[in-house]
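Novice: Going down the list, the protein sequences come from chains X and P.
Using my numbering, the first residue of the first sequence is number 1, and each one after it goes up by one.
Using my numbering, the first residue of the second sequence is number 1, and each one after it goes up by one.
Just so you know, the hints here were simulated from the structure itself, not pulled from any lab data.
Keep in mind that the hints are not guaranteed to be accurate.
Computed from the model, here is a short list of chain X residues facing chain P with C-beta under 7 Å [claimed, not checked]:
{"#": "1", "residue": "68"}
{"#": "2", "residue": "103"}
{"#": "3", "residue": "105"}
{"#": "4", "residue": "106"}
Below, in silico cross-link-like pairs of lysine-lysine (BS3-like), each with a Cα-Cα straight-line distance of 25 Å or less [claimed, not checked]:
{"#": "5", "chain 1": "P", "residue 1": "55", "chain 2": "X", "residue 2": "42"}
{"#": "6", "chain 1": "X", "residue 1": "71", "chain 2": "X", "residue 2": "57"}
{"#": "7", "chain 1": "X", "residue 1": "37", "chain 2": "P", "residue 2": "66"}
{"#": "8", "chain 1": "X", "residue 1": "22", "chain 2": "X", "residue 2": "71"}
{"#": "9", "chain 1": "X", "residue 1": "22", "chain 2": "P", "residue 2": "55"}
{"#": "10", "chain 1": "P", "residue 1": "66", "chain 2": "X", "residue 2": "22"}
{"#": "11", "chain 1": "X", "residue 1": "42", "chain 2": "P", "residue 2": "41"}
{"#": "12", "chain 1": "P", "residue 1": "42", "chain 2": "X", "residue 2": "71"}
Beta carbons are placed, not taken as given, at the ideal position from N, Cα and C, and that holds for glycine.
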Amino acid sequence: GENVEQHPSTLSVQEGDSAVIKCTYSDSASNYFPWYKQELGKRPQLIIDIRSNVGEKKDQRIAVTLNKTAKHFSLHITETQPEDSAVYFCAASSYSSASKIIFGSGTRLSIRP
Amino acid sequence: GAVVSQHPSRVICKSGTSVKIECRSLDFQATTMFWYRQFPKKSLMLMATSNEGSKATYEQGVEKDKFLINHASLTLSTLTVTSAHPEDSSFYICSATGPSGETQYFGPGTRLLVL
């Protein structure tokens, strides 16, 4: 089955700087890669997703890149703000697995004022 | 759109009792719903995939007789933790596949504490 690894587990950046979170996946059949943000005690919120037919997607300060050959994908947050502090999860999914999502282990992002 | 609700948000029960958690898609029909368990400061662990009108598919290591899942309609799935024990205490979150059949929308979660 699919295995998703995520690094780093914790990340602290100065407000205004960029943050990068990296993930790898094992199943070459995976074709959908969502990223979720979870605040303490709350539900995961989808912040951006990318499908395997594109290499990059951007939405304001958030961008995601995908390298299918290397089975890598990354989340980039620019001009970080205090409200970006949360736990971020990458995930991978495929139609062949009935769309079930396998999550990475999470990255706790802290923005220093 | 794509709102998922979950009830109750918090429940405390005695060891040996059963607890039912409901997951509803409020503004869309969810052919597939998923149940996750999350321990403090850990990732979401998929427990089972629930399809309307059919038996749930459980992930390896998840006891189907312990965690009963029913998906009776396109907007409702229930998880019943039977004969709960303290080690069942956790944050249980459901999700539903939206109209795209791909993106999952999560419920707010249920925090279960078994005494």
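Novice: Quick one: which hint numbers does this structure break? Sort them smallest to largest.
Specialist: Structure breaks hints 1, 5, 7, 9 and 10.
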